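J.: Residue numbering for the first sequence follows the numbering used here, starting at 91 and increasing by one per position.
In short, the hints are calculated from the structure, not lab data. Hints may be right or wrong, so weigh each one.
Cross-link-like lysine-lysine pairs, in silico, DSBU-like; alpha carbons within 35 Å at most [as the list claims (entries may be wrong)]:
id, residue 1, residue 2
1, K506, K431
2, K530, K501
3, K523, K226
4, K351, K501
5, K291, K316
6, K171, K276
7, K423, K171
The structure displayed is predicted, hence computed values, not measured ones.
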Amino acid sequence: MKNINSIEEYDNLRSWPFIEAKKIIDSFGGFEEFKKPKKDFVIFETGYGPSGLPHIGTFGEVIRTSMIKNAFDFLVQCPSKIIIFSDDMDGLRKVPDNVPNKSMLEKHLGKSLTSIPDPFEKFKSFGEHNNSMLKKFLDDFGFSYEFLSSTDLYKSGFFNDMIKTILKNQSNILSIVLPTLREERKKTYSPFLPVCPNTGKVLQVKIEEYNLKNNTVIYKDPNNTKLQEISVLDGNCKLQWKVDWAMRWMALEVDYEMCGKDLTDSVDLGKKICNSLGKSFPINLIYEMFLDENGEKISKSRGNGIGIEEWLRYSSPESLSLFMFQKPKSAKKLHFDVIPKNVDDYKKFLEQYNKNNSLSKCDNPVWHIHSGNPPKIKDYSFNFNTLLNLVSICNSTDSDVIWDFIKEYDKNINQKNDPYINELVKYAINYYKDISLPKKKYKLIDENSMEIFYDLKNTLINLNKSSKSEEIQSQLYEIGKRNKFENLRDFFKLIYQVLLGQDEGPRLGSFISFYGIGKTISLIDRAIKNEDLSK
RNA sequence: GGGCGUAUAGCUCAGCUGGUAGAGCAAGUGACUUUUAAUCACUGGGUCGCAGGUUCGAAUCCUGCUACGCUCACCA
Numbered sequence: 091m092k093n094i095n096s097i098e099e100y101d102n103l104r105s106w107p108f109i110e111a112k113k114i115i116d117s118f119g120g121f122e123e124f125k126k127p128k129k130d131f132v133i134f135e136t137g138y139g140p141s142g143l144p145h146i147g148t149f150g151e152v153i154r155t156s157m158i159k160n161a162f163d164f165l166v167q168c169p170s171k172i173i174i175f176s177d178d179m180d181g182l183r184k185v186p187d188n189v190p191n192k193s194m195l196e197k198h199l200g201k202s203l204t205s206i207p208d209p210f211e212k213f214k215s216f217g218e219h220n221n222s223m224l225k226k227f228l229d230d231f232g233f234s235y236e237f238l239s240s241t242d243l244y245k246s247g248f249f250n251d252m253i254k255t256i257l258k259n260q261s262n263i264l265s266i267v268l269p270t271l272r273e274e275r276k277k278t279y280s281p282f283l284p285v286c287p288n289t290g291k292v293l294q295v296k297i298e299e300y301n302l303k304n305n306t307v308i309y310k311d312p313n314n315t316k317l318q319e320i321s322v323l324d325g326n327c328k329l330q331w332k333v334d335w336a337m338r339w340m341a342l343e344v345d346y347e348m349c350g351k352d353l354t355d356s357v358d359l360g361k362k363i364c365n366s367l368g369k370s371f372p373i374n375l376i377y378e379m380f381l382d383e384n385g386e387k388i389s390k391s392r393g394n395g396i397g398i399e400e401w402l403r404y405s406s407p408e409s410l411s412l413f414m415f416q417k418p419k420s421a422k423k424l425h426f427d428v429i430p431k432n433v434d435d436y437k438k439f440l441e442q443y444n445k446n447n448s449l450s451k452c453d454n455p456v457w458h459i460h461s462g463n464p465p466k467i468k469d470y471s472f473n474f475n476t477l478l479n480l481v482s483i484c485n486s487t488d489s490d491v492i493w494d495f496i497k498e499y500d501k502n503i504n505q506k507n508d509p510y511i512n513e514l515v516k517y518a519i520n521y522y523k524d525i526s527l528p529k530k531k532y533k534l535i536d537e538n539s540m541e542i543f544y545d546l547k548n549t550l551i552n553l554n555k556s557s558k559s560e561e562i563q564s565q566l567y568e569i570g571k572r573n574k575f576e577n578l579r580d581f582f583k584l585i586y587q588v589l590l591g592q593d594e595g596p597r598l599g600s601f602i603s604f605y606g607i608g609k610t611i612s613l614i615d616r617a618i619k620n621e622d623l624s625k
C-alpha cells in the first residue's frame, strides 16, 4: 500500500521528520527511484554514554529519532530499525553521586563498565545494570528498538574487520585527529586504548608500535614500564571514542544518527575518518541543548531545569512529546512554565487534526507524536492553566470535588467517559500538592473574628443537608451582613485566609456544596481550635 | 579562536514553500448592581536587531554587520 501517490504530495510534506527522512531517501536514489540499501534495511542509531541513568535528553533523542523513522516508513517501502547503542565498554572515569557502594566503585575506576561489579548488586556488572535501566526506561515508553552492547560487539569479534582497517590506516587517521588536539594530548594520543590484561583498566597510553602483521600494538605498561604487546581484536583494545564512533558507523552501516550540538566537532571528525577510508557515514542532525528558565544548559549534576519524571508527574506524556517535536534545532527552555502551553497546544493540534482531511495532516505534530495514528479526545473548553488554578483554589486533592466544579463549568464531560481529562485532573492535583500547597499561609482566627466562625458553623449545622449552592451562598451573605462587614469582600477574604490559606477562592456556596457541609463544619472546628490546617 | 542558535507587542513566543503583522499571559475599559473568578464583551499602530541585495512585493530568500546565548578546543 502506498501512502504517497505523487511526487507533489511528497514534496509538500514539510515537517522536520519528513525533511530528515527525505535526506535518507535522497541518499538512496530519491523518492521516485528509491532503492533499498544493500543490507536491505535502513539503520537509525542513537548512542548512550556510560555516565549513568537515562534522562530527559535520552528521551528526546529516542523520540525524535523514532519520529524520523516513522516518517521514513510512511514514505517508502523499506524495512528500518533503530539501534540503541550502549558504550558499556568505556572506562569508568568517576564515581557517580547517585549510587551505593561508592568505595567499591572507587577501586574499579578506569575499568570497563561491564567488568565492574554492580553497586546495586542486582546484575553481573555495573554496565549491565545501566543497560537494563536504559532498556526499562525505553520499554516503559513503548519505543521499539534493537539494543546493542559495545562490549558484546567488541568481544564477539564483530568489530574485528573494521578495527583491522583502522589499524592499517592509523597514520592516516592520526593526521586527521591530531590537529584537533592540544599539544599535551598529541604526545600520547592513539586511536587504540589497550585494555590492561592485569588490571582490566582501559589504558590511555602512548602506543610505541603498531604491528599490522599480527594485528597488535605495543605499549609501555604504566605499572612497570615494561613493553607489552596486545591484540587489537576481540575486545583486547577499545578504540578512542571519536574513532570508535566512526568505526561503529562503518561496521554497522548506520544511515542516520542525531546528536546534541556539543558533539558537533566529533561528528565532523568521524565523517572525515569515514571519508579517508572511502566509507560512507550517516546523515546527521544536530539538535540544540535544553536550557533551564535562566537560559542555562540543563545538566543532571546541577539539577536545574525539569526532569522527565517531574514532567510526567505534572502532565501528560503527549505534552512532553509535543515539546520534543517542536524545533529540535532551537535551544528550548525546559522548565515547569512551558508545560501548560504544551498541554493546550497538544489539544489544539489534535482538534485540528481530527477536523482536517488533507495530506497536510501528516505535518501536524500529533501525527508524529502518535506515529500516524492520533486518537480522538472529547473537546473540553478550559485550558490547563485554568485547571491548575481551579485545583489550587478549591484547595482539594480530592478529584471528585474537582470534577464537581468541572461539571458545573462544562456539562458535556465527566469523570468516567473522559479518561484523558481525568488524567489532567490528576496532574493538576499533583502540581497542587507539590507546588501550591507548601506556599499556603493559613490565618489563625483572632478574638474579634472568632464569633464569625461560630456563626458560620452554626448556620451550616442548621442548614438542610440537601441545600443547594445558591441557598448556602445567600446564607453566607447574611452572615457577612450581620457581622457588620462594610465590604462583603473582606468577609469572604477572611474565610479564604482561614480555611483555605489563600486570599481568593471559589464561590463559597458552590465550594461548600461540593466539598460537603459536614466536611466544611469539621474544617471550621479545626480552625476554631487553631489547629494547623496545612497538615 | 572554530561551530551553532536566537533577535517580532510589557512578558513568553507563533508566523510553513515571500503577498496587507498573530496567539497566550499581563494590562485597561465595560457588564453581572450579592464578595469572588475557572465569567462574558471590547481594547494590541510593534522601525518584525542594523544595513544592503533579489523581487511588482520580504518578518519570511541572499550577503554583511551588531548584540546576546549555547557549545567545542580534557574525557566521553
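J.: What are the numbers of the hints that this structure violates, sorted from low to high?
T.: Hints 4, 6 are the ones this structure does not satisfy, whereas the remaining hints hold.
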